[in-house]
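Engineer: Chain by chain, the residues:
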Amino acid sequence: MRFRQRFYLGEVLIGLGITAAHFFANLGRHTARHVFRSKRARGAVTFQYPEERRPYSPRLRSLHRLVRREDGSPRCVACMMCETVCPAHCIYIVAAEHPNPEIEKYPERFDIDLGKCVFCGYCVEACPEDAIRMDTGILEFSSYSRRGMIYAKETLLALEPAGPDGNPRSPIPIPADRVPSP
Amino acid sequence: MPKLTIDGRESEVPEGTGVIEAARRLGIEVPHYCYHPGLSIAGQCRLCMVEIGNNPRPQIACNTQVVEGMVVRTETPKVLETRQAIMEFHLINHPLDCPVCDQAGECWLQIYYMKHGLYEPRMVDEKVHKPKAVPLGPHVILDAERCILCSRCVRFCDEITGTGELGIFQRGDHSEIGLFPGRELANPYSGNVVDICPVGALTDRDFRFAVRVWYLETAKSICPGCSRGCNIAVHSNLRRPHHDGGRRVARLKPRYHAEVNRWWICDAGRYGYKFVDDPSRVRFPTRGRGDAAAEVGWDEIVPLIAGQLRRYQPGEIGVLASPQMANEDLFLLRRLVDHLGLAHVDFRVPPSRPGDEDRILIKADKNPNRRGAELIGLGPRDGGLDARGMLRAARERRIKCLWVFHHDLLASAWPEGEIREALESLECLLFQGSNGNGVRLLAHYVLPSAAWVEREGTFTNFEGRVQRFWKAVEPLGAARADWEIVARIGEALGLSFMPDTGEDCFKALAATVPAFAGLSYRELRDTGRLVWDCAGRGPA
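Protein chains in written order, with the numbering used here: chain P, 1 to 182; chain C, 1 to 540.
The following block holds chain P by itself, in its conformation from the complex (with noise of 0.2 Å):
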């Protein structure tokens, strides 16, 4: 370290410095364009969220959702194939036997710890029957403990694609741990 740093005074001054010219220049930026009505001037710009949004990438990877069949049952034959390549195991599945022997089998439980989650995408990726997406455009889920960041399979079946806006046409799942006590 060298000698001046050592005083660290120093250094939070010419920080202090630089917000302060960041700040200084938008302010004139933001005067020009608002009050002079020039055209040519842009300050920074904040986005008012979450009542603004900007708009998201068609190829945004969202919450999971997972496809339903006509009858509304999951897609999903249990295969294991999203649970294997998983990078961060949050995906776990429990097969059983499906009524229809074409089938062969269903997923009787299918959670996803999104807490664990880190959003690669590869379970879209290895499914071989389009069964499970990250295209509902939910992306602020939260919980108060752990427990509650897994989402069970009624949940993730519940999801509905985003719209064509981008925005999420599901509202955002509500953990077990927040369901207000009667």
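Since the hints were derived computationally from the structure, they do not count as laboratory data. Mixed in with the good hints, there may be bad ones.
Some but not every residue of chain C turned toward chain P, in silico, with C-beta under 7 Å [stated by the list, open to error]: (1) Pro99; (2) Val100; (3) Phe209; (4) His242; (5) Arg281.
Some chain P residues well away from chain C (every beta-carbon gap over 12 Å; in silico) [to be verified]: (6) Phe7; (7) Glu11; (8) Ala20; (9) His22; (10) Phe23; (11) Gly43; (12) Pro55; (13) Pro58; (14) Arg59; (15) Gly115; (16) Val118; (17) Cys120; (18) Gly121; (19) Arg147; (20) Gly166; (21) Pro171.
The following residues of chain P were derived to be distant from chain C, with all beta-carbon distances above 10 Å [as the list claims (entries may be wrong)]: (22) Met1; (23) His34; (24) Thr84; (25) Ala88; (26) Ser143.
Think of the CB as a built atom: it goes at the ideal place given N, C-alpha and C, for glycine as much as any other residue.
Mind docking chain C on chain P? Use the hints.
Structural biologist: Chain C only, in chain P's frame:
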């Protein structure tokens, strides 16, 4: 003995050997489906094509016997092309449902397609549909669409068990494996057809959807189901505990041993491992009888038990070892018994029903190590009582302390009331075992033993073959190998030098018991060593 050349390497094999077997002995694997060294030759799959001599057309290697001066080539362009074409032919009507097939990961269609297939599929027509998910018997389920009609299962039932339940029905591409009318694949070896099925047509009902095979770990082991000592592999699921209801041992598979079990095991042994993850397992040492039982730690219970064994006269103590225990356990127990000068020692308790036996593998004695217990010498000492005698003496309160290993005495051939009365009369009943039973409920002290898959050791089978088994999973709860428990109690009783590994135990055993002289874990290797010949005439 004819001499032949395979891929430029010379070999000499006995008259009548097939080319495929001669190649295998040289370490050259000719791909095949229907050929199995334990069964007759069918020549069904046509995959084992090789070029022989100047014959312009490839021939099958399984049903061609070697002759003097034969020149065999297994990797020529013509052979490779033929193999690829035959793979394509086999897969024409195969449903390619690998993701939902239990065989995926250990399927020879997958393996050979990746090695010898890799063609562009040309099949555009609707595939032939056949019955799916048909239970053939209590253990086996059939998917006829996946079958490639190698007929191994049919030959197994005809030649090995002689029961002949299975056949091939219909003709052409509608041919399918099936049961003869009114029959059920319920012979005592039915599980083996799953092992020999090279594809996913026959799968195990017990293992159905339980665990994907690539999650499994393998450990070499010995079946504890009877005194045959079949070589097995224990497949355990440690990586995904949410599968198969949390059971750690997923399945047992036979392991080839030329002189013990060849490629097979019986169904009783194959499905007999369930006790390992059963709720009846004893997990922690307890003191106190019945409802008063309280869990305690090893450091607390070992001195208590040592104290009990010191409290009584040697004549008031009985030890009932078990032929379920490994040689290591029995040896250390004998050391402890000698140290304490006990005379009432036995391991023989007759089962409630005599065991079944056949001429293939199954032995009537359902204990893996009776011969070991005999050789190590855990019978009554001079003037000592046998098992029945000890229980009689307990009723008369001459024996006050009894240490029972594993046995469920209340479910033996002896009258239950009498045994219960004997056990209730004891001042101190020690039970040591892996699973709870009637004796455990009456015991004052319970010591949890590790199951055989949770530790290493050796069993001596009925013909005196000492065979090693390896550890597959960690012991449940605070359970320990029987020898470890005995060693700790022995140390507390002032017995000097108690070994700390199974291997040291076995070394000490080999140094003490003449029948085991010169043996060590290294010496035993995978195949074991015969120490005592069948007639019991003496060390072999």
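Engineer: Look at each hint and say if it fits the structure.
Structural biologist: Consistency of the hints with the structure:
Given hint, proline 99 of chain C at the interface with chain P, holds; its Cβ is 3 Å from that chain's nearest Cβ, closer than 7 Å. At a threshold of 7 Å, the smallest CB-CB gap from valine 100 of chain C to chain P is about 4 Å, leaving the interface hint in force. A least Cβ separation of about 4 Å between phenylalanine 209 of chain C and chain P falls short of the 7 Å threshold, and the interface hint therefore holds. The restraint placing histidine 242 of chain C at the interface with chain P holds, with a minimum CB-CB distance near 5 Å, inside the 7 Å limit.
At its closest, the beta carbon of arginine 281 of chain C sits 22 Å from a beta carbon of chain P; the interface hint therefore is violated under the 7 Å criterion. Under the 12 Å C-beta cut-off, the non-interface status given to phenylalanine 7 of chain P relative to chain C holds; the minimum distance is some 55 Å. No Cβ of chain C comes within 12 Å of the Cβ of glutamate 11 of chain P; the nearest lies about 50 Å off, and the non-interface call holds. The non-interface label for alanine 20 of chain P is consistent with chain C: the shortest C-beta to C-beta separation is roughly 56 Å, beyond 12 Å.
With a cut of 12 Å on Cβ distances, histidine 22 of chain P stays outside the contact zone with chain C, its closest approach being about 51 Å. For phenylalanine 23 of chain P, the shortest C-beta to C-beta distance to chain C comes to about 53 Å, beyond the 12 Å cut-off, and the non-interface label holds. Remark: the non-interface label on glycine 43 of chain P is consistent with the geometry, its nearest Cβ contact in chain C lying 53 Å away (cut-off 12 Å). At the 12 Å boundary, the C-beta of proline 55 of chain P stays outside the reach of chain C, the nearest C-beta of that chain being 36 Å off.
For proline 58 of chain P, the condition that its CB be more than 12 Å from all CB atoms of chain C holds, with the nearest at approximately 28 Å. Remark: the non-interface label on arginine 59 of chain P is consistent with the geometry, its nearest Cβ contact in chain C lying 25 Å away (cut-off 12 Å). The claim that glycine 115 of chain P is not at the interface with chain C holds, since no C-beta of that chain comes within 12 Å of its own (minimum 16 Å). Against chain C, the non-interface label of valine 118 of chain P holds: every CB pair exceeds 12 Å, the least being about 18 Å.
The Cβ of cysteine 120 of chain P sits about 19 Å from the closest Cβ of chain C, beyond the 12 Å cut-off, so the non-interface label holds. The claim that glycine 121 of chain P is not at the interface with chain C holds, since no C-beta of that chain comes within 12 Å of its own (minimum 19 Å). The Cβ of arginine 147 of chain P sits about 15 Å from the closest Cβ of chain C, beyond the 12 Å cut-off, so the non-interface label holds. The Cβ of glycine 166 of chain P sits about 31 Å from the closest Cβ of chain C, beyond the 12 Å cut-off, so the non-interface label holds.
Under the 12 Å C-beta cut-off, the non-interface status given to proline 171 of chain P relative to chain C holds; the minimum distance is some 28 Å. Every CB of chain C lies more than 10 Å from the CB of methionine 1 of chain P, the least distance being 47 Å, so the non-interface label holds. Every Cβ of chain C is farther than 10 Å from the Cβ of histidine 34 of chain P; the closest lies at roughly 58 Å, confirming the non-interface assignment. Interface exclusion of threonine 84 of chain P from chain C breaks down, the closest Cβ pair being 7 Å apart, not more than 10 Å.
Here alanine 88 of chain P stays apart from chain C, with its beta-carbon at least about 14 Å from theirs, past the 10 Å limit. Interface exclusion of serine 143 of chain P from chain C stands, the closest Cβ pair being 20 Å apart, more than 10 Å.
In terms of the numbered hints stated before, the structure departs from hints 5 and 24, listed from lowest to highest.
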